[in-house]
Amino acid sequence: MKGCRTSLLCTMCVVTITFTSLPCNAQSSAGAPPKIEQPERGVWLVYDDNGNWGGPSMGTTHQHRPEYQAMKLIDLSQFPADAFKRIKQVRLRVFMAIQDWSFNVGKRVINGLDEAFELRVNDRVHTYRTNAGFPARAHPSERLRWDWHDFILSPDEVVRGINRFVFKKAKGDKYNDYIYIGIDNTVKHGNSAVSFDGGRTWRKDVLNTINATGEYMVRLLLIEVEPKASATWNLRTARIVDTVGVIGYAGCEGGRRVRSGLQIDGDAFAIVEFERIHIERQTKMQARIKFAGAPPIIEWRDERGKVMRCDVGVHGDELIAEVAIKRDRPMALRIQPPRNGSTIVRTVTITFTRAFLPTEPVIDMAPRVMPPAGKPAKRPPRCVFKSEDAVLENPYFRIT
Numbered sequence: 003m004k005g006c007r008t009s010l011l012c013t014m015c016v017v018t019i020t021f022t023s024l025p026c027n028a029q030s031s032a033g034a035p036p037k038i039e040q041p042e043r044g045v046w047l048v049y050d051d052n053g054n055w056g057g058p059s060m061g062t063t064h065q066h067r068p069e070y071q072a073m074k075l076i077d078l079s080q081f082p083a084d085a086f087k088r089i090k091q092v093r094l095r096v097f098m099a100i101q102d103w104s105f106n107v108g109k110r111v112i113n114g115l116d117e118a119f120e121l122r123v124n125d126r127v128h129t130y131r132t133n134a135g136f137p138a139r140a141h142p143s144e145r146l147r148w149d150w151h152d153f154i155l156s157p158d159e160v161v162r163g164i165n166r167f168v169f170k171k172a173k174g175d176k177y178n179d180y181i182y183i184g185i186d187n188t189v190k191h192g193n194s195a196v197s198f199d200g201g202r203t204w205r206k207d208v209l210n211t212i213n214a215t216g217e218y219m220v221r222l223l224l225i226e227v228e229p230k231a232s233a234t235w236n237l238r239t240a241r242i243v244d245t246v247g248v249i250g251y252a253g254c255e256g257g258r259r260v261r262s263g264l265q266i267d268g269d270a271f272a273i274v275e276f277e278r279i280h281i282e283r284q285t286k287m288q289a290r291i292k293f294a295g296a297p298p299i300i301e302w303r304d305e306r307g308k309v310m311r312c313d314v315g316v317h318g319d320e321l322i323a324e325v326a327i328k329r330d331r332p333m334a335l336r337i338q339p340p341r342n343g344s345t346i347v348r349t350v351t352i353t354f355t356r357a358f359l360p361t362e363p364v365i366d367m368a369p370r371v372m373p374p375a376g377k378p379a380k381r382p383p384r385c386v387f388k389s390e391d392a393v394l395e396n397p398y399f400r401i402t
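Be aware that the sequence shown starts at 3, since it is given in this note's numbering, and climbs by one per residue.
Accuracy of the hints is not assured; some may be wrong.
Claimed, not checked - With beta-carbon atoms standing in for the labels, derived distance ranges: (1) Arg110 / Gly174: 14 to 24 Å; (2) Thr203 / Ser79: 20 to 30 Å; (3) Val316 / Arg205: 50 to 60 Å.
As the list claims (entries may be wrong) - Calculated cross-link-like contacts (lysine-lysine; reagent style DSBU-like; alpha-carbon spacing at most 30 Å): (4) Lys308 / Lys292; (5) Lys173 / Lys109; (6) Lys37 / Lys87; (7) Lys388 / Lys377.
Calculated from the structure, these hints are not laboratory results. No experiment lies behind these values; they were computed from the predicted model shown. Note that beta-carbon positions come from the ideal geometry of N, C-alpha and C, so glycine has one too.
Take the sequences, apply the hints, and build the full model.
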């Protein structure tokens with residue numbers, strides 16, 4: 003799958019995404035057929051952009067009122083019929099951002115992300131709050147974040163034909179949250195259209211108010227495999243069963259191994275660290291912990307290391323801790339002993355929704371670097387003491 007090159011952009015609000023049945027005129031009919039690829043078993047990607055974002059001006063819509071609407075047409079007529087029947091989940095992948103612009107409007111009273119937008123999927127409307135975990139900026143002190151975001155849909159919302167996806171602001175008492183849908187200016191297939199009059203008329207010759215052209219960066223993922231996955235850490239046998247690879251590390255600080263698991267008390271704890279790239283945003287993640295003795299204390303930590311709010315319940319010898327994910331996905335699960343007591347942790351099972359075809363780049367932990375500009379000096383290694391100073395030398399370094 004192609005990535006995306008970036009530029010800059012604006013603030014956020016509540017948006018509704020709706021699939022609408024529009025008149026079959028020249029502006030609402032699909033253009034060139036999209037690419038249909040199967041990058042991994044059971045996962046299909048349908049797209050027509052090259053992942054080349056045009057930046058915060060020519061590379062985006064600037065939507066803050068319901069009249070300004072952006073439509074993406076995705077034709078699935080050529081999608082394999084047998085595979086279409088097996089689809090378990092659909093995800094609309096959009097390169098986007100949201101921003102609160104109240105700091106630059108009227109009395110400039112900052113009110114944050116407090117509006118909504120709609121996504122219309124053919125005949126069905128989904129409404130989202132702008133603060134619900136999208137790539138966004140809620141305060142002028144923050145940096146605007148652009149990213150791919152997946153909207154999870156049910157298979158019955160799309161058809162094996164032309165599908166229309168419309169993004170617009172929801173009606174409200176104010177309009178200072180902006181939604182931005184990315185535009186790839188390097189391609190033009192006739193599958194994107196804009197309306198400035200509430201959907202009465204549509205244009206394909208331009209895609210925003212400053213005459214940008216191209217294609218909206220909106221793609222479809224069609225998933226045949228089960229999106230739910232799990233991983234289990236057995237502390238009795240020190241084995242991990244994890245087919246997806248969501249567990250990056252599982253271990254403990256302190257504690258004592260016993261036949262039934264790991265006994266922790268005092269400052270000891272067990273920890274599971276996650277490969278967040280495998281975890282879908284705007285979903286729930288659950289930990290089921292089997293223990294003996296008193297229930298442990300659980301902490302979910304986000305990408306910045308902060309404790310996340312979670313729901314915890316204890317049922318016999320099992321503790322269930324569930325966290326609702328917005329934008330920041332869990333970085334780790336920390337299992338601590340009860341206050342002034344101890345417990346034995348037997349197994350930890352993590353259940354989550356998979357993020358398919360991750361778009362985040364892999365971090366190169368050992369990148370190539372430029373060779374040094376200088377050349378080694380002709381001197382033997384030595385150490386010289388001068389008063390209270392010392393000089394260490396070899397052919398490559400001199401340290402004082």
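Verification of the supplied hints:
no., hint, in the structure
1, Arg110 / Gly174: 14 to 24 Å, "holds, 19 Å"
2, Thr203 / Ser79: 20 to 30 Å, "holds, 26 Å"
3, Val316 / Arg205: 50 to 60 Å, "holds, 58 Å"
4, Lys308 / Lys292, "holds, 25 Å"
5, Lys173 / Lys109, "holds, 22 Å"
6, Lys37 / Lys87, "holds, 19 Å"
7, Lys388 / Lys377, "holds, 27 Å"
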